[in-house]
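S.K.: Using the hints provided, position chain F relative to the given structure of chain P.
One letter stands for each residue in the lines below.
Number of protein chains: 2
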Amino acid sequence: MKRIKMAHGGGGRLSQELLEQVIIPILGPEDGVMHDAALITMCGQHLAFSTDSYVVRPIRFPGGDIGELAVTGSVNDLAMAGASPVALSLALIIEEGFEIEYLVQILESISKTSKTIGVNVITGDTKVVERGCGDGLYINTTAIGHIAHNLKIGPRAVCPGDAVLVSGDLGRHGLAVLSARAKLGLRSTLKSDVACLLPPVEALLAAGLEIHCLRDLTRGGLLSACDEIARGGPCTMRLTEDLIPVHPSVKAASEILGIDPLAMANEGRMLVICPERQAELALSILRTYRAEAARIGTVGPRPMHSSLDERYPVSLLTALGVNHPVILSNGEDAPRIC
Amino acid sequence: MKRIKMAHGGGGRLSQELLEQVIIPILGPEDGVMHDAALITMCGQHLAFSTDSYVVRPIRFPGGDIGELAVTGSVNDLAMAGASPVALSLALIIEEGFEIEYLVQILESISKTSKTIGVNVITGDTKVVERGCGDGLYINTTAIGHIAHNLKIGPRAVCPGDAVLVSGDLGRHGLAVLSARAKLGLRSTLKSDVACLLPPVEALLAAGLEIHCLRDLTRGGLLSACDEIARGGPCTMRLTEDLIPVHPSVKAASEILGIDPLAMANEGRMLVICPERQAELALSILRTYRAEAARIGTVGPRPMHSSLDERYPVSLLTALGVNHPVILSNGEDAPRIC
Numbered sequence: 001m002k003r004i005k006m007a008h009g010g011g012g013r014l015s016q017e018l019l020e021q022v023i024i025p026i027l028g029p030e031d032g033v034m035h036d037a038a039l040i041t042m043c044g045q046h047l048a049f050s051t052d053s054y055v056v057r058p059i060r061f062p063g064g065d066i067g068e069l070a071v072t073g074s075v076n077d078l079a080m081a082g083a084s085p086v087a088l089s090l091a092l093i094i095e096e097g098f099e100i101e102y103l104v105q106i107l108e109s110i111s112k113t114s115k116t117i118g119v120n121v122i123t124g125d126t127k128v129v130e131r132g133c134g135d136g137l138y139i140n141t142t143a144i145g146h147i148a149h150n151l152k153i154g155p156r157a158v159c160p161g162d163a164v165l166v167s168g169d170l171g172r173h174g175l176a177v178l179s180a181r182a183k184l185g186l187r188s189t190l191k192s193d194v195a196c197l198l199p200p201v202e203a204l205l206a207a208g209l210e211i212h213c214l215r216d217l218t219r220g221g222l223l224s225a226c227d228e229i230a231r232g233g234p235c236t237m238r239l240t241e242d243l244i245p246v247h248p249s250v251k252a253a254s255e256i257l258g259i260d261p262l263a264m265a266n267e268g269r270m271l272v273i274c275p276e277r278q279a280e281l282a283l284s285i286l287r288t289y290r291a292e293a294a295r296i297g298t299v300g301p302r303p304m305h306s307s308l309d310e311r312y313p314v315s316l317l318t319a320l321g322v323n324h325p326v327i328l329s330n331g332e333d334a335p336r337i338c
Numbered sequence: 001m002k003r004i005k006m007a008h009g010g011g012g013r014l015s016q017e018l019l020e021q022v023i024i025p026i027l028g029p030e031d032g033v034m035h036d037a038a039l040i041t042m043c044g045q046h047l048a049f050s051t052d053s054y055v056v057r058p059i060r061f062p063g064g065d066i067g068e069l070a071v072t073g074s075v076n077d078l079a080m081a082g083a084s085p086v087a088l089s090l091a092l093i094i095e096e097g098f099e100i101e102y103l104v105q106i107l108e109s110i111s112k113t114s115k116t117i118g119v120n121v122i123t124g125d126t127k128v129v130e131r132g133c134g135d136g137l138y139i140n141t142t143a144i145g146h147i148a149h150n151l152k153i154g155p156r157a158v159c160p161g162d163a164v165l166v167s168g169d170l171g172r173h174g175l176a177v178l179s180a181r182a183k184l185g186l187r188s189t190l191k192s193d194v195a196c197l198l199p200p201v202e203a204l205l206a207a208g209l210e211i212h213c214l215r216d217l218t219r220g221g222l223l224s225a226c227d228e229i230a231r232g233g234p235c236t237m238r239l240t241e242d243l244i245p246v247h248p249s250v251k252a253a254s255e256i257l258g259i260d261p262l263a264m265a266n267e268g269r270m271l272v273i274c275p276e277r278q279a280e281l282a283l284s285i286l287r288t289y290r291a292e293a294a295r296i297g298t299v300g301p302r303p304m305h306s307s308l309d310e311r312y313p314v315s316l317l318t319a320l321g322v323n324h325p326v327i328l329s330n331g332e333d334a335p336r337i338c
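Respectively, the protein sequence lines represent chains P and F.
Take the first sequence: its position 230, counting from 1, is numbered 230 in my numbering, and each next residue is one higher.
Take the second sequence: its position 324, counting from 1, is numbered 324 in my numbering, and each next residue is one higher.
Excised from the complex, chain P in its bound form (with noise of 0.2 Å):
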């Protein structure tokens, strides 16, 4: 590693070795283990934190937009630790020449997105780069969210035999933003995911689940974020590939684009994991959101010291029968996907 490349953004391995090798040695956390939301308790009072900058080209994408985009997916950051967002901060990177107009239309984007969910945005900042040092408008957002729930949710509270569920079809927004991009022309069907997943899993935590992990899967996908958590927790994951729902337009575009649809960004999808006494419940709530819900898998046990189990913690079942080990890919498949 000399210079940074486009896969270290891609959210596979060149991603994970970056947070490995350079990032998380120098600032941390100190256990190595990340989750989506970093967890603060002030006052007795447990908080969620969570930043995500969004670079998605282009902005406006099929089902949605970089404003939308980045209110959820900071609330979703949030709802991933189970907790619900208390105040939101928007900074604005614009490059010089950007119509003053389509910042509006994102703006407004933003403010409608904030609604919906109930969330303030209640601090900015908004700075301008030369043309050529920006690509039009990238956005960070940093929620803060409150948690109500005792549970320890992440990598390390999952077991050996816990369920693993989606809470619905795989591969919609990755697969959207690169169309889009390639101009596939296959715009009517495929639209992005993008939504709120704090209804859900308000639903599931309402109904006493003990949630073990739950994970947007964003950039990576699906195996990526098995993978992190599997070494996280650390065990295994065994999931099978008939159970995981890919709609028919995502397949027939992952093909043509050659990619994986699995390891593909969503932005309104989780993994759920849960003691598989609950899993019929959980589903059935998922299923009340998108019918698409499913379980694809089951955790396994810590995988072996210096095992193929070790290095590769996540199998995936083919149709064909054979248990694959997941080895991620590098992650340069789907540049600035979010």
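Don't take each hint at face value.
Copies of one chain are not kept apart here, so a pair can be met inside one copy or by any two copies together.
What the hints assert, rightly or not - Using 30 Å as the maximum straight-line C-alpha spacing, the simulated BS3-like pairs for lysine-lysine come out as follows:
1. 183 with 2
2. 2 with 112
3. 2 with 115
4. 112 with 191
Derived by calculation from the structure, the hints in this document are not laboratory data.
M.R.: Showing chain F alone in chain P's frame:
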């Protein structure tokens, strides 16, 4: 206003217009009064929340770098609400091709600065954009702070007769960055003032002073900060040019570059507005941190409707004894200074 200009990010009149005419009408706040940090009350606790992106060019400048700037800048915004930092988020937008060794140096600077201040970066994000869609490295930091005092610190608390103080000499940061960029060869004497303002603010609060307003003098410098506070008050403000501390090397560089040091960004200087009767004590405290701290003016009454004072609420008594209304420049003098 049809397209974004560099001056929209310069902290002058165009920045103000973008905020007042485009951003605030869509996203609020409803009262239109902006302050460095937003306040949240949660379960009886008072929190401050502030975000800033840093796009300074060059990313290493005499006296500091973008990493140190990103940590102190956001902590200073909290300090301006009298808040102590609880946690920081860090989001990087890196241009493809950026040297990892250089990234390591910036991350180490972030780590060192945050350790010195006593706050941790607890959550982060990394995005990569193509060559030509960034400029090396842009950083966003967002800070959460805790407020322990009961004062209302902000433009609305400012009263006629209040004393206006600055915590040190002005113009160093902006001039150091511009000089480095223009390769004026002034580097040996002119260094950025980048510094954490938390210790002097804590000392002012610990002395029981009734602070009415604090404002760090970043983009747009002293004049822009005074203008914004006066409009927010609403009140007028009379400054005396001779009393405003500016170092001879800053004056020299300003003359060469043809810019006003009073409209130049500082990254370790603040305005303190307090009751007249406490001005001496406040000044003596500020002087234990910077000998150049000075009283530079007085708050005047609310301007009459449709008066010149309403259009230009800040005035500057020059060395010639003339009282000039302060008319903000549009902000194009000093692009990407922070």
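S.K.: A separate judgement is required for each hint: does it hold in the structure or not?
M.R.: Consistency of the hints with the structure:
no.	hint	verdict
1	183 with 2	between (34 Å within a copy, 28 Å between copies)
2	2 with 112	between (42 Å within a copy, 23 Å between copies)
3	2 with 115	between (44 Å within a copy, 27 Å between copies)
4	112 with 191	within (19 Å within a copy, 44 Å between copies)
Going down the numbered hints, you'll see the structure goes against none, and every one checks out.
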